[in-house]
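Asker: When you get a sec, could you build the whole thing from the sequences and use the hints?
Number of protein chains: 2
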Amino acid sequence: MPANPFQFDINHPTLLLDKQKCIRNIDRFVEKAKKNNVNLRPHFKTHQSHEVASWFKERGVTCCTVSSLKMAQYFSEDGWNDITVAFPLNYLEADLINSLASKIQLNLLISVCEVLPQLLKKLKNRVGIFIEIDSGYHRTGFDPQDISGVERVLSEIESSPLTEFRGFLSHAGHTYRCNSKSAVEEIHLEEVRVLNDLKNRYKARCPDLKLSVGDTPSASLVDDFSGVDELRAGNLVFYDLTQAKIGACSLDQIAIAIACPVVATYPERNEIIIYGGGVHFSKDFITTEGGAISYGAVVLLTNKGWELPPTAMFVKALSQEHGTVHSDKESIRNLKPGDLLGVLPVHSCLMADAMGSYLTLKGGRVSRLSES
Amino acid sequence: MPANPFQFDINHPTLLLDKQKCIRNIDRFVEKAKKNNVNLRPHFKTHQSHEVASWFKERGVTCCTVSSLKMAQYFSEDGWNDITVAFPLNYLEADLINSLASKIQLNLLISVCEVLPQLLKKLKNRVGIFIEIDSGYHRTGFDPQDISGVERVLSEIESSPLTEFRGFLSHAGHTYRCNSKSAVEEIHLEEVRVLNDLKNRYKARCPDLKLSVGDTPSASLVDDFSGVDELRAGNLVFYDLTQAKIGACSLDQIAIAIACPVVATYPERNEIIIYGGGVHFSKDFITTEGGAISYGAVVLLTNKGWELPPTAMFVKALSQEHGTVHSDKESIRNLKPGDLLGVLPVHSCLMADAMGSYLTLKGGRVSRLSES
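These protein sequences, in sequence, are chains A and B.
Every letter in the first sequence is one number past the one before it in our numbering, and letter 276, counting from 1, is 276.
Every letter in the second sequence is one number past the one before it in our numbering, and letter 239, counting from 1, is 239.
In case anyone wonders, no lab produced these hints; they're calculated from the structure.
Treat the hints loosely; a few may be bogus.
Note that identical chains are pooled: a pair holds if it fits in a single copy or bridges any two copies.
Below are the DSS-like pairs computed for lysine-lysine, each with C-alpha atoms no more than 25 angstroms apart in a straight line [what the hints assert, rightly or not]: (1) 316 to 283; (2) 35 to 57; (3) 203 to 21; (4) 336 to 122; (5) 329 to 103; (6) 336 to 70; (7) 316 to 245.
Answerer: Here it is in structure tokens:
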């Protein structure tokens, strides 16, 4: 089992993409949006890949979300012409904003006062503007009670012929702290309430305003998206152990894993050393049911992809290139240096960003921004 | 103060390298090695840069350490012809080993039994072999009491005309858990004792064997390297907050920082949001004196580089692209979106790996492996 089951060589840490699982994750999301009659604007920061994006496009998705202007540029080069940068406006990048806005429908995010007037000094082409509302995550955005702040930005938008108000956007990142469907639903309902209060206040003045929400736990666990116009979730294209712990996915839905050579086994201390470290997995961790720190769950590679081992194994420590796997003695006995193990991501966005490109289970290379 | 003090534009997270501090760190290391009459084989995994490596070469350093064969290849392409890969042998990469060993003096590490015979089946060119000894860190290497394991590897080395025994190597990574010079010294003395016991046992059989040690806390805090032939430390080229906490460097010796645009301020909750997140800093953290989690210390950028702010600020949370800085209200009042702040690394190796290339304080680009 632990030897290479694939039709291609793997001799160093290699990011595998199970296209079938990924497509199923995309299909589920597309169908849910259709059923709820909401616009799908998936976040592409997770995969950052033209090819993965094309799988959305084949299913009728025509717009997307990114978290940097560099990503907006990358996707615009592959025909995406309606892109929201869901990150607080960084007006220092006005040149790139102007360049992109001359070619595509570019939507920017205003999360505080003071920044839009700075952009307007340099803006040459028309952009859409979302106002970010803090629905309880407390990272960025206007407090929903800060009506004077929202009014000020709205007036600034209306004062310029180059800015068009698109609506209110929020990211309920505090769903990541939940561990039940009902807790996620409660946060989502509060988000919908907060956003609709604003919509009701401004719908006469701005009849086309949309409400856009974003997190993967809500997108996965909430069934009814009444009161919302647009979903922006991104992580669900791959999912990961963090989402599985929340209950947003099953382990079987996780669509990427890193294949790692075993380089040493130390049965006397229940440890396996793999070639695969902090520069490959990134260093996000979760706490296991037993209270241990885990930087990734170990899976056995098969000719169909990967499967959970009979007894759980996890990455307990990371150096730059080394991973230390905790295992039972029986599993270690079945392993030797030169075998391969898979590691499921704690946080797929960061793992994929660290790795540069993907290999499908058939050995096809899927490139992404960081290696382009 | 917070506006850009440099003669070049910065509009997104940018890794700055203070060449002067870096050269001073290199000089200190070179002088210490000379004074102790030990060979310097600095670890280049921290900087992974031809140009930074050349600053060692200009000071007489002729050999180096890396943690992957890919890095060995990169440095061999710039004239480094004596390289130790201080990572347990991954014999799946035998083709690359053969290719490198045909051009340079390549030294490999044997950390467990079973792997050298696998390599010998495919080895075509002569390589040097270090046997890794676990002097107490318990990551990889032979238990110093495991004489039968060491003997077995030695016999395998002696049985092949393509392998030459170079000596015993250890990495006392447990010095990273220390917070005093005396604790680091104690670990180093134990490492020296363990390695010299082996040297005494085998010096008649292998008169040329060398003892190689590696960690940055020891290289920085120990004054007397009697009983050691070679130093391999790497992190000290840049240092970081982890080393400062151990006492291995001062904050003023840290030679890299990321310049980040401020994108939002929230004085009511003592927070600043910067453009700079997990994909830039990586996610290693330290605990501050006050018990808070810190992903980086904030510095003010000046035309001479950077300096500590009057009141400490630190990165308290990271998303993929956002950093949340904890600050006092007074400091926040002096900041606005569009200003720049610097962030010192918790772990410089991972930050530099995440960022791809450096800019010197004069705006010169210093490239590294990951972008080559």
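Asker: Hint numbers the structure violates, sorted upward?
Answerer: 3 and 5
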